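> Heads up: the protein sequence lines correspond to chains A and B, in order.
In my numbering, each number is its position in the first sequence, counted from 1, plus 660.
In my numbering, each number is its position in the second sequence, counted from 1, plus 660.
Misleading hints may appear alongside valid ones.
[What the hints assert, rightly or not] Restricting the straight-line Cα-Cα distance to at most 30 Å, the calculated cross-link-like pairs of lysine-lysine (DSSO-like) are:
#1 Lys-744/B to Lys-808/A
#2 Lys-741/A to Lys-691/A
#3 Lys-834/B to Lys-873/A
#4 Lys-799/A to Lys-744/B
#5 Lys-873/B to Lys-768/B
#6 Lys-768/B to Lys-1040/A
[Unchecked claim] Label pairs and their computed distance ranges (CB to CB):
#7 Pro-670/B to Asp-685/A: 31 to 41 Å
#8 Asp-927/B to Lys-871/A: 51 to 61 Å
#9 His-809/B to Leu-1087/A: 45 to 55 Å
#10 His-809/A to His-809/B: 20 to 30 Å
For the record, the hints were derived by calculation from the structure and aren't laboratory data.
None of the values given here were measured: they were computed from a predicted structure.
All C-beta atoms in this analysis are idealised placements derived from N, C-alpha and C, irrespective of residue type, glycine included.
So the chains spell out like this:
Protein chains: 2
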Amino acid sequence: METITISESPKYVGETVKIGVWLTDKRSSGKIAFLQLRDGTGFFQGIIRKNDVDEKTFDLAKHDLHQETSFYVTGEIAEDKRSKFGYEIHIKDIEVVGASEDYPIGNKEHGIDFLLDHRHLWLRSRKPWALMRIRSRVKLATMEFFDKHGFTQFDAPELTASAPEGTTELFDVKYFDDDAYLSQSGQLYAEAGAMALGRVYTMGPTFRAEKSKTRRHMTEFWMIEPEMAWMHQDESLKIQEQYVAYLVQDLIDHCATELEMVGRSVDSLKPFTELPYPRITYKKAIEMLQEGGFDSKYGDDFGSPEETYLADQFKKPVFIMNYPRAIKAFYMPTDPEDDRQVICADLLAPEGYGEIIGGSERSYDYEYITNKLEENGLNKEDYGWYDDLRKYGSVPHSGFGMGLERFLAWITLQDHIRENIPFPRMLNRLRP
Amino acid sequence: METITISESPKYVGETVKIGVWLTDKRSSGKIAFLQLRDGTGFFQGIIRKNDVDEKTFDLAKHDLHQETSFYVTGEIAEDKRSKFGYEIHIKDIEVVGASEDYPIGNKEHGIDFLLDHRHLWLRSRKPWALMRIRSRVKLATMEFFDKHGFTQFDAPELTASAPEGTTELFDVKYFDDDAYLSQSGQLYAEAGAMALGRVYTMGPTFRAEKSKTRRHMTEFWMIEPEMAWMHQDESLKIQEQYVAYLVQDLIDHCATELEMVGRSVDSLKPFTELPYPRITYKKAIEMLQEGGFDSKYGDDFGSPEETYLADQFKKPVFIMNYPRAIKAFYMPTDPEDDRQVICADLLAPEGYGEIIGGSERSYDYEYITNKLEENGLNKEDYGWYDDLRKYGSVPHSGFGMGLERFLAWITLQDHIRENIPFPRMLNRLRP
Ligand SMILES: [Mg+2]
Ligand SMILES: [Mg+2]
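Next comes chain A alone, as it looks inside the complex:
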């Protein structure tokens, strides 16, 4: 008799197998009990009939199995036309492995703080299970996409020596006798990588000591930051939209069940696989907002209502291009068509999810960057290496950053990005 997983059961119809499972729920009526089972690979139903097993086993199933009790179940795999999964197990024997009394998470509503306090257990529930599988798939698809497009995966350091003056959103680390800071972005390091390897991307945790409590902020989150040498913004935008469309298609192909479990229909995702995504200028965006009744004027950054309104006009992700310099980062080059602006773009997701990607060209002019570093209080000792990238064989280059959890929250229609990471870290949440 083979020991298999729930996900493998379609291959074993009519065969007797053994599976290690946890109980998620049960109901019984007289001579039959229905056990809802999970094993990490999936969820299905076990049926135990009084006539098929000895009395001890039937009693055990009825009385000693509680929510999250773990046990080996032996039985025959059968088709189950009524369930989505399509298969079930007709139980012949049960061997309890781990008891479970008074499991704290019931099949009822719990407050979010209670659930987050029990995140180590909450992960076992259906929605978190599906969200974690989708997250994992997106990271794999990211690696596959960038590999196919000639990128090298390149890890930026998390411990960095220096911070821009006046930055308050950094976490300090005591580094022996020195002061270190946790990285907010791997971009500057990725630029060095691009000069060596052509096209690189980081995929790792980044940190912001923000006191924000919005649904789009965590103190620890994952970023994917590609950086491409010999590339201007127009080509970068094409890679960005291809990347997003690739991820969406990959999820449609591999995670249809999980998407459905979290309430996202595959049909609603399909339009996001169609390219190109619309592109409008920042100036046009301001006009559209004014026409839409917003009190926006040139120079403003966009808040959540503005981003939502803009993306709603297109029903697809939309690039907003070339923002005013004052609201963007120091390394962005001047827009040749309007020197108040820089060559950059944010990609706004539709459905109220706002910015998922921010990107730009990176100035490759040595004087420009030297001056900007100085203006921004970034000292030579710590940032001279970034200057060097312009001093020795500077080339046009572009890059972008995607917040993994922001992308995932959009795709999975979650209200808060904390649902899209195993153990979220926020202003008041460092445990478990």
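Go by the hints and put chain B with the ligands onto chain A.
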């Protein structure tokens, strides 16, 4: 005319193309100059003949191109039987993009501190380039391997709330009004993940504030930590050796050029793809050491000379199984054959590289773990969640951790693991 990369040039023989490149070296004699070029995707040679170009271009090539000058080169791709790569470009035109005067890294020997101070530029050299490509490939192959084996990628948090009492190797982080620590290992969190998702693995940075200055220590390094529910140690060892063999085979298949560039022959790797790897007990290892003239006795941990000697006896990675409890972690269960020992194994690489994997079963006994947490000063408030994994449906589970840079140093035959990460962090190294 198409703009291509060096890696694409084999498809363009006889065609005139444009490539953005950096100069790595050049020599000229009279009417011909040989330019060594790189573009991030590869390295090849450009040949410029005085008769093929106008005088200005030939003079520019001879006098104005220096090491790391960046330029667009236009020319015809031709076969080049004398080079490993097999192709070159016959240059018709050059358009300089970025000057480079007095590039600090010459084609001569530099001290390691100088090179690490210039890591942002050193990455452009051949060996670091090859090492970074190999690293990237191993991370991709890791995701592919675990995906094929039913694992979900699962990120453990880097910011954690509590530390075992008396631990001195942690980096402290000021977390608003709380104290946090940078994670040394994602394992405990991965165990929670395995109870939800069956098989999970982390792949992320981990941190140790060790003052060690050995060739096997960095303060920031990447770990891959798989954790499998419903699994005993024997099956875990099989996954471990399959994983290592898969990585080695994948590199043979995809990175033969890079391996050769770092001095590792493909032939020397082939034996490591043959399974199973030998397994010996810790007791047997002590006997072998004693027979080999070492002053080892039961209870000792192994240092580098012992690990090197043991692995040398097999010429392959070797599992050392079931160490004394005192030198292993608190969560490992008692060895039923000798209660001084625990069920665990280290995988030692041959060729002097020592431990690359450490793994074990994890005790799934609630009383045992509760007692061990208490003995180790791990308080309920911070570690109660780990207890819960045994309280609610505990199951046999096993896991292991592989240090990415230790694995890579072995495969690429590097003296120090700092060569195998883009920007190494060590006791005296936090910059660039
Ligand atoms: Mg923004
Ligand atoms: Mg050891």
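> All hints are to be evaluated individually against the structure, with a verdict given for each.
To see whether the hints hold, each was checked on the structure:
1. Simply put, Lys-744/B and Lys-808/A have alpha-carbon atoms about 24 Å apart, close enough for the 30 Å limit, and the pair holds.
2. Proximity of Lys-741/A to Lys-691/A is assessed by CA-CA distance (about 22 Å); at most 30 Å being required, the pair is judged to hold.
3. Between Lys-834/B and Lys-873/A, the direct Cα distance comes to roughly 19 Å. Compliance with the 30 Å bound is thereby established for this hinted pair.
4. Proposed proximity of Lys-799/A and Lys-744/B is contradicted: the alpha carbons are some 35 Å apart, above 30 Å.
5. Pair hint Lys-873/B plus Lys-768/B holds up; C-alpha atoms about 26 Å apart against a cutoff of 30 Å.
6. Distance restraint check for Lys-768/B and Lys-1040/A: the Cα-Cα separation of roughly 27 Å lies within the 30 Å cut-off, and the hinted pair is therefore satisfied.
7. Look at Pro-670/B against Asp-685/A: about 59 Å separates their beta carbons, and that is not inside 31 to 41 Å.
8. The given range of 51 to 61 Å is respected by Asp-927/B and Lys-871/A, whose C-beta atoms sit roughly 58 Å from each other.
9. For the hinted restraint 45 to 55 Å between His-809/B and Leu-1087/A, the CB-CB distance of approximately 38 Å leaves it violated.
10. Under the hint 20 to 30 Å, the C-beta atoms of His-809/A and His-809/B, about 26 Å apart, fit the expected range.
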